[in-house]
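Q: With the first letter of the sequence shown counted as 1, position 212 gets the number 212 in the UniProt record's numbering; the numbers rise by one all the way through.
The set of hints was computed from the structure by calculation and includes no laboratory data.
The structure displayed is predicted, hence computed values, not measured ones.
Honestly, I wouldn't trust all of these hints.
[Said to hold, decoys possible] Computed spacing ranges between beta-carbons, pair by pair:
(1) Glu26 / Lys71: 31 to 39 Å
(2) His82 / His212: 30 to 38 Å
(3) Ala100 / Pro53: 16 to 24 Å
(4) Pro119 / Ala57: 15 to 23 Å
(5) Asn181 / Glu68: 22 to 30 Å
(6) Asp193 / Pro113: 35 to 43 Å
(7) Glu168 / His117: 15 to 23 Å
(8) Asn51 / Gly28: 15 to 23 Å
Cβ coordinates follow ideal geometry from the N, Cα and C atoms, glycine included.
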Amino acid sequence: MVISGFDPYEDVTINPAFEVPKALQERGIWDDSQDSTNLSQDVEVNVHAVNIPVSFAKAWPLLRETLEATKPDIVIATGLKHSARSVMLERCATNLMDAAKPDADNATPRRMPIDEHGPAAYWTRLPLRAILRYFAKQGIPSSLSSDAGTYVCNSLFYSLLHWTVNRENVLAGFVSFPPINDDPHAERGLSLDQQIKAGQAVVRKAVWYYLHPSSGNILLDEARD
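With the hints as constraints, model all of the structure from the sequences given.
A: Structure representation (structure tokens):
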């Protein structure tokens, strides 16, 4: 599987979308606690992490190059959502670029489609409700998010889901992490350790769903309900 993150953001000391993918590649998908996702630790999951620039023009081509080289069954893209209080599970990607600030290339596309001939939106294939329920049991603050905004995160997510259209057996989704905050009673943000555990759980749930889909096809049932 491939998990992507972004290069350091401006004015962000520790970027969870950089640290979490790296940690999953180095540590694997199992944390120190007993797993309750019904996924045997005998299942081999190879995690390939890739960091990409915060660039409308460069982010997707770099991720696509990685996907074509590794041919993963599961792809999870991650990003940082500055305003988030918890881990955000993104439900869909919209066909819109509308940047309020420049990207890494100083580009600021405003109210432009990502793909002039593409649909208005794509839905994720990750089992979001199952992940959300598992987070609740583990005490990891999380919620569903209607979309990943209109900046580079959304543009990457849309292109990724478009890429999966003709790859029915590939699961893909996007997780937005909040800022890192080690205060146990933080009003916004989570500790890096919590976010790494959240990333591990997302991968385990995705692998379980890939191996045991709720229907003959790996479709959108849990993502839409």
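Q: Are the hints correct? Go through all of them and say.
A: Now the hints, each set against the structure:
1. Glu26 / Lys71: 31 to 39 Å: Since glutamate 26 and lysine 71 have Cβ atoms about 22 Å apart, the given range 31 to 39 Å is violated.
2. His82 / His212: 30 to 38 Å: This hint holds: roughly 36 Å between Cβ atoms.
3. Ala100 / Pro53: 16 to 24 Å: holds (18 Å)
4. Pro119 / Ala57: 15 to 23 Å: Holds, at about 22 Å.
5. Asn181 / Glu68: 22 to 30 Å: This hint is violated: roughly 37 Å between Cβ atoms.
6. Asp193 / Pro113: 35 to 43 Å: For aspartate 193 and proline 113 the Cβ distance comes to about 39 Å; the hint holds.
7. Glu168 / His117: 15 to 23 Å: 21 Å Cβ-Cβ, so the 15 to 23 Å window holds.
8. Asn51 / Gly28: 15 to 23 Å: holds (19 Å)
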